[in-house]
Amino acid sequence: MTSVLYDVPGPKARRVSLIGSVVGTVLILGLLAWIVMTLAQQGIFEGRRWAIFTRGDVWMLLGNGLGATLTAAALAAVIAFPLGLMFCLLRISLIAWIRIPARVVLEFLRGMPVVLMMLFVLLVFGTSSFIAVVAGLVLYNTAIFAEIIRAGIQSLPKGQREAGLTIGLTSFQSRMLVELPQAVRRMMPSLVAQLVVLLKDTSLGYIVAYGELLRAVQVMADFLGNAFLFPIFFVAAAIYIVINICVSRLAIWIERRGSNKAAGGVAKAPTAVVAPELPEVREPK
Amino acid sequence: MEVIIENLPLYWEGLLRTLFLSVVSGIIALILGTLLAAARVSPVAALRGFSTVYVEILRNTPLTIAFFFAAIVLPRLGVTFQQFEVAAIIALSAYTAAFIAEAVRSGVNSVPLGQAEAARSIGMKFGQVLNLIILPQALRTVIPPLINILIALVKNSSVAGAFFVLELFGYGRQMANANGDQVMAVLLGVAFFYLLLTIPLGILASTVERKVAIAR
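Residue numbers (my numbering), protein chains in the order written: chain A, 1 to 285; chain B, 1001 to 1216.
None of these hints come from the bench; they were simulated from the model. Wrong hints could be hidden among the right ones.
Said to hold, decoys possible - Partial chain A-side listing against chain B, Cβ under 7 Å, derived:
id	residue
1	Leu5
2	Tyr6
3	Asp7
4	Gly20
5	Thr25
6	Val26
7	Gln42
8	Val115
9	Gly164
10	Leu204
11	Tyr206
12	Ile245
13	Cys246
To be verified - Computed footprint of chain B on chain A; a stretch qualifies when at least three of its residues, placed anywhere within it, have a C-beta under 8 Å from a C-beta of chain B:
id	segment
14	45-56
15	120-134
16	230-239
Said to hold, decoys possible - Among chain B residues calculated to face chain A with C-beta under 7 Å, some are:
id	residue
17	Ala1045
18	Ala1046
19	Phe1050
20	Tyr1054
21	Thr1064
22	Arg1076
23	Leu1113
24	Gly1114
25	Ala1162
26	Ala1176
All residues carry an ideal CB built from backbone N, CA and C; glycine is no exception.
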């Protein structure tokens, strides 16, 4: 890999860099070895402790936890997205008495910890912890989705809206038919990245006693004994991280694909691009 | 309403502790994050690899998992803390550093290529290029995103309240339990104090953003 930040390394620099790499690797391996040794002294690597993963019910409990995590995340995302669209429209409304209250609500929701909203719903409305988790996630992510889409609309060339209004669309029609579709497409990477945040935030359900993955770990550790805490925790954390990395990769993939397309894409080209397939001219009725 | 006024000292105490957690973790995370970003663009392959792996893993770990690890798993492995605040600060700063590293790296990428080329052509080495030319400009462009990360840090510190640390959220939970009939007022009070921290920071971020935009 070449970088603009440093010269192409010559023989001496390559040697220094190689030594640096070796020393760095040795240091990191040493640290890992120390951690592994410490863990081994605690008896973490005894086969007995990891043998629980041969038991079906352990995997079933982990699976249930994972299912609960994914259910809450999916439900919250599905509810929060349309709400976010709606709040975005309210937030950029031309009418001040709609715009200003919407802004206050969004700022309020954005400025608060998600776990506080979950606790609020749980205690004030006395709901089940599942509803509290979903409601907390929905409230927070509605605000974030709204802000992301608003940023997308603002990044569009002004001409898009002007053109929409010129051909006789109402302001609302122009938003719905011209601006929103482009804004959503443009902000797709950010929206998917926010899904990772949402998925991560479901683990806050642990705090309001929702039976998600982390709670399942805690329950099993309490039930099977502390000896099994580390193995179970390790596996659960790995599950979380792998899922999140996959969704993050998806966001990066969408971004790359989008930026390839956007070179001549709808939003970025202020000059007229003649579409190869022009719609047929309709016969006047 | 009275319940908030009665418990004002507790709220105040909680606010100070939240602020303390955020400031200490924020400073550690800023230093660690900048070092990680520097490692990410450095000529030494091992450093680049380490930084990439660290950032990828920590960014994709739920904060609750990081806290669970620091506060519950570590003590049972024999690493005990005198105070749980230490565990909270470790979890928060390790988590936040990954985000800061990404922000600083994107800042480094946003500095025009000619800057680094000019610096190299007058004979600067990597360390000099980074410290004297690139980072000062990069940090300036990333101030708004960094402030947003710090806002998230303030909000994230609430997770500490669930792991044996008494801060704004922790006190809020306590007060909600003690005043079962006025839960709503208690929690709205907590929300108010969080907004007291996050909204000014948000305004600061957008002001700085506007200033930087004019300067460029």
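Residue hint Ala1046 (chain B), partner chain A, criterion CB-CB below 7 Å = 4 Å, holds
For the segment 45-56 of chain A, does the count of residues with a C-beta closer than 8 Å to a C-beta of chain B reach 3?
-> Coverage by chain B is violated for the segment 45-56 of chain A (0 residues, Cβ < 8 Å).
Restraint check, 7 Å cut-off on beta carbons, for Cys246 (chain A) near chain B = 9 Å, violated
Hint check: is the beta carbon of Tyr206 (chain A) less than 7 Å from a beta carbon of chain B?
-> With a closest approach of 5 Å, the Tyr206 (chain A) hint holds.
Agreement of hint Thr1064 (chain B) with chain A interface, Cβ distance less than 7 Å = 4 Å, holds
Against chain B, with CB atoms and a cut of 7 Å, does the hint on Val26 (chain A) hold up?
-> 9 Å, violated
Interface hint outcome for Asp7 (chain A) [beta carbon to chain B under 7 Å] = 6 Å, holds
Cβ contact check, 8 Å cutoff: the segment 120-134 of chain A against chain B, three residues minimum = With 3 residues close enough to chain B, the hint holds.
Against chain B, is Gln42 (chain A) within 7 Å by beta-carbon distance?
-> 6 Å, holds
Ala1176 (chain B) as chain A interface residue, shortest Cβ-Cβ below 7 Å | 6 Å, holds
Against chain B, is Tyr6 (chain A) within 7 Å by beta-carbon distance?
-> This hint holds: Tyr6 (chain A) lies near chain B, its Cβ roughly 4 Å from the closest one there, short of 7 Å.
Interface hint status, Gly164 (chain A) versus chain B (Cβ within 7 Å) | 27 Å, violated
In terms of the numbered hints stated before, the structure departs from hints 6, 9, 13, 14, 20 and 24, listed from lowest to highest.
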